[in-house]
Amino acid sequence: MSETPLLERRAADVGAPLIEMRDIVKTFRNAAGEFTVLKGINLTVRRGEFVSVIGKSGSGKSTLLNMLTGIDHPTSGKVIVDGVDVYAMNESQRSLWRGRNLGIVFQFFQLLPMLTLLENVMLPMDYVGMYDFAERPERAMELLRMVGLEEHAHKLPQAVSTGQQQSTAIARALATDPPIIVADEPTGNLDTRASDRIIELFSELSRQGKTIVMVTHDPMMTRRTSRTVILTDGEVVNEAVAKALPLLPHPMMREVERRAEKRVYSPGELILRAQAPVEHFFIIVSGTVEVLHRRAGARTWRVAKLSAGDFFGEIELLRGGKAIASVRAADDGPVEVLVLSRQDFHWLMERSVLTEEAITRIVQQRLEEGRRARRPQGGILGGLFRREK
Amino acid sequence: MRPRWQKVLSDIWDNKVRTLLVVLSIAVGVLAIGVIAGAYVIISHDMSVSYAAKNPANIEIRMDDFDEDFLNTLRDFDGVADVEGRRVFGMRARRVGDTAWKVLDIVAFKDFKANTINLLEPVRGVPAPEKGQIVLEKTVLEEISIAVGDELEVELPDGTTRRLEVVGVVLDSSTSAADFLAAPLAYITLDTAPSLGQPELYNRLYATLSEGQDDDAHIRAVFADLKDTIEKSGYDVGLTRRSKTHEHPLASIVNAVLGILMALGVLIVFLSSSLIANTLSALLQQHMRHIGVIKLIGGRNRQVFLMYLSLIFAFGVMALLIAVPLGGQGAYALAQFIADQMSFSLLGYRIVPISFVIQIAIGMLVPLVAGFVPVVRGTRVTVLQAISGDALRLQAGGPTRWERFQLRVTQALARRGIHVPRPLLISLRNTFRRRGRLALTLFTLTMGGAIFISVFNVRVTLNEYVRQVGNYFLADVTLDFERPYRLDEIRQYAMRLDGVTWVEGWAYASAEILYPDGTVADNINILAPPANSGLVSPLMISGRWITPQDRQKLVISEGIFDYYPDLKVGDTLPLKINAREEAWEVVGIFKFIGVEGILGYAPYEYIAAEQNLARRSYSYRLVAERHDRAYQKQLADRAAQAFRDWGFHVREAVPGLSTLDDASESLDILVTFLLIMALLTAVVGAMGLAGTMSMNVLERTREIGVMRAIGATDSAVMRMVITEGTLIGVISWGLAVVLSVPITYLLATIVSLAVFNTPITIVFTPLGYIIWIGLVLLLSAVSSVLPARNAARLTIREVLAYE
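Top to bottom, those sequences are chains A and B.
The opening position of the first sequence corresponds to residue 149 in this note's numbering, with each subsequent residue numbered one higher.
The opening position of the second sequence corresponds to residue 1159 in this note's numbering, with each subsequent residue numbered one higher.
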């Protein structure tokens, strides 16, 4: 069969873009008028990533998932999955494509009530014609064994617990060995114990190399994912801002992004000079920066490397004083940063007490660490922390 | 308007397909009952009124030729209001230029303007022909393609032809009203008769009574006196008939057919009510969440109940708006059809008030009754049940016994290495998910199927009976002459005709069966074949067949039981024959068609001798080497021509099977009625199935979305729905096969008692079963295609968002 070469190719392509959403706009029209749910989403998911999508109710998470799975049409934009333009196919072709390439797990499991667990798992193989007819029961049983439901295989869904139903739904999603698993709130309807079991299953799938995109509200779940995409009002929040200022409300993250100036520094280019006044707050979007310190008469040495989601410049803005260290782009590539003016930084601190408290706490921590290290005080080292987890 | 009534309005308007389905479900029942009830009232009224309006003869006597003077002597006969004489004779006729001949009974009137009995109703042209002209009865036009102004060619006994101008078409409701097998009629003036080789004399007497026209005993008494007088005047009397003025001779048959149609109409109402119950139950299911919300914000059971009752009421009103006008039109159309078949005219289009009332009652009551249980059940649902939807369903109890049984069967098959594809399993198990709905759907489809199949069985049963009756007429050609000829002579000539293998001369006698008190019970036609004739193969009920030695002994048809219910073989029967009262011994009783009157058989040897016709006969039976219709017809033509050429006075030569064809055609009219009703029930059944499949699809929209999400293509979804529909069709066929047996017995018995006055042996034919399986598969597939297409068209977003 053709599955093996495909798997081999998938293994070889780990890290390459698998899902690309380009300028996706989705507008619903009803009697009350038009309502744009997705406002030009650009999102790339790489092979093997475990991505959680979060956002408030109505932020467009499920619509985003519908775009990704080919369940609904975007008003404009393209979805490319593994090189295939999803919306170039008709509905029926898309069903078949979906059956082969995506495994979908729903919040309410959506097992067919008239089929046993085993039959539910076999159904996608029947629909897409994968595996020999006689081989299908064996494969389905293997998947049920994997999710710990072998002994319940011949029961109807209503005869097992909700957690077991969701485990079956995951087994069904894996029936055709799709490279991508898409899940919509898979633990949203489960108790804690069942949720833990499902989270463990997804983690295991991720370790096996499946690409997983999951809408969730469950913090336990997001902690296990390799990446979190935040949606707010139909837009994706810049992941660096979200990482740097996690306690900001989602709309404010978007506001920070809007107020910030985007700057790109060439490899080795100086961003901050020691002893120079600091007028900006920097959030690294991509690339790496080096923090360099020099004692009087001594040579310069690198005290830290910062990467995407890290920030610097906040201590000087909060406490006053000049920079005691220099910051420059690392030699291995350009650096993209979002730069917030002093005025905007203070606006941010006023608007988000939680963020202010968190940054203040961290500044104090860093200053304390600096004193212990008998290093000069009031310097740049306070900014050398990673985002609070 | 209050918001809750606005909700009722939007429930009607927003889901137009569902509204249409419910309205049509109600309308079809109302329409069926309206059509049948309306037709019943129109026919039963108009049939007798229109028949009576033609002043039908109470007495008809076929006798020797008589003249106007003799007729005048009967005008003042005691109890007789009026008499008319006519000459009726059979002739072959065709449109000039045609090749095929048709036998017509030509009726010659002395004076059309003086016609007072068996009045003719003008249809087109002139109703009264002049000398050399002819007027046709409407039914002739079904046999011969001819119009007013054309020329009709008639064949004289000597083989020569005459041409008559067709000047008009009339409707004659009374002359052959009682005769299923009569030839079509045509009318000429008596002074035209000589040009057709006929004397200017009458041979048929029609009389009306001055009183007691609807009193059978009185008619019988006057008839007996009249016949006695005629015979005493030296005239021989042949076939006679008596009729009531206000009762069409075929009224009992028509009423029986209408009765069956009425029963089927009631059945259709039942079927449509199950359709309504199904649809309303699904509607309530769909509205569960609405009901939950209404109750949550303070709505009481009574208010919810009234809302849905009003909805049903509105459906009923809409159905009536469709069904009542259509029902009125349909009733008149059906009545017109029956009237055309039975050759009587209606009194004009009108609204039948009782039918109107019945339709309104059914249109209002049936939906309310059918919807009562679903509405009560729906309104009693708790808020929690109503708004929980999926969550509550998920917490519902374990699998039912039926589900466990299905699983065990699947597993048993799997252990034997038989794995049913899951998509097929879905169809199979879906079929039995809503068992209440399935039961109602199967009920409608099964009844439709069982009646459909039964109608075919009844048709074959009737035709088989007619075929068996054909055993009394086994000759290939019946050759009748204007005068008696010697047996030897005719046999000698006939055997010269190619293909003729056997010739028999038969005699005939007409008599009256008397009650023990000497009054006339009924006429009897006594056929007299040679005792050893092989051309009669009777269906004996008891006793034996005739022998050459029989003297004043006869074998009689079971119609005699109407007058002598306790008659047994060996009893004697008082007959009046040749003006003499005699006691004849009944030596056997056989089955025959009741409406054709009472028939008897006696040996030729005895009857011919009694009539001074020993070794001579008017009527001969020819047997040929082949017995198919085409050959019989060809031989009849050849025989008539040849005997005319040889100088014999041939009256007519009739192919044997043609009589049976006429009888079968008449029965086919009945069967057509039944088939129309069967198809109507089948349509209701199909509507039920379509409704069920739509509801199933609607309820399973989310599941269909899930199937699409895991890879089901459009065709896979359609296949699933169509398979389910087809499975229901096949199950209904199986049930219909079983149910068709009692229904066949019931229908066949009702029809045979109405038509033949006797229950007959039931015959089953595979035809109905085969056609129905084909039809039910087609109907099932078609009924499922639309819901299936809709299911396939739904986008997954729609179905996953569906509530």
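Because the hints were derived from the structure by calculation, they are not lab data.
Note that the Cβ used here is the ideal one computed from N, Cα and C, for glycine as well.
Any given hint could turn out to be false.
[As the list claims (entries may be wrong)] Covered by chain A, according to a simulated footprint, are these stretches of chain B (three or more residues, beta-carbon under 8 Å):
id : segment
1  : 1166 to 1174
2  : 1522 to 1531
3  : 1574 to 1583
[Stated by the list, open to error] DSBU-like cross-link-like pairs, simulated, lysine-lysine; straight-line CA separation at most 35 Å:
id : chain 1 : residue 1 : chain 2 : residue 2
4  : A       : K204      : B       : K1453
5  : B       : K1165     : A       : K204
6  : B       : K1260     : B       : K1271
7  : B       : K1726     : B       : K1390
[As the list claims (entries may be wrong)] What follows is a set of in silico ranges between Cβ atoms, one per label pair, in the way DEER data are often shown:
id : chain 1 : residue 1 : chain 2 : residue 2 : range
8  : B       : R1458     : A       : Y235      : 45 to 51 Å
9  : B       : V1531     : A       : Y235      : 44 to 50 Å
10 : B       : R1538     : A       : R170      : 31 to 37 Å
11 : B       : G1594     : A       : E168      : 46 to 52 Å
12 : A       : R509      : B       : R1458     : 56 to 62 Å
Do the hints match the structure? See the list:
With a cut-off of 8 Å between beta carbons, the segment 1166 to 1174 of chain B has 0 residues touching chain A; three or more are needed, and the interface restraint is violated. Check on the segment 1522 to 1531 of chain B: 0 of its residues sit with their Cβ under 8 Å from a Cβ of chain A, so the three-residue criterion for coverage is violated. Judged by the Cβ-Cβ criterion of 8 Å, the segment 1574 to 1583 of chain B is covered by chain A as claimed, because 5 of its residues qualify and three suffice. The hinted pair formed by K204 of chain A and K1453 of chain B meets the criterion: a straight-line CA distance of about 30 Å does not exceed 35 Å.
Between the alpha carbons of K1165 of chain B and K204 of chain A the distance comes to roughly 33 Å, so the proposed pair stays at or under 35 Å and holds. Taking the CA atoms of K1260 of chain B and K1271 of chain B, the gap is about 28 Å. The hint holds against a cut of 35 Å. For the hint pairing K1726 of chain B with K1390 of chain B, the CA-to-CA distance comes to about 33 Å; that is within 35 Å, so the pair holds. Against the hinted window of 45 to 51 Å, the Cβ-Cβ separation of R1458 of chain B and Y235 of chain A comes to about 50 Å, which satisfies the hint.
Restraint check, V1531 of chain B to Y235 of chain A: a C-beta distance of roughly 48 Å satisfies the suggested window 44 to 50 Å. Roughly 54 Å separates the CB atoms of R1538 of chain B and R170 of chain A, a value that falls outside the hinted 31 to 37 Å. A hinted range of 46 to 52 Å for the beta carbons of G1594 of chain B and E168 of chain A is consistent with their spacing of about 51 Å. Our hint of 56 to 62 Å for R509 of chain A and R1458 of chain B holds, since their Cβ atoms are close to 58 Å apart.
Against the hints set out earlier in the document, violations occur for numbers 1, 2 and 10.
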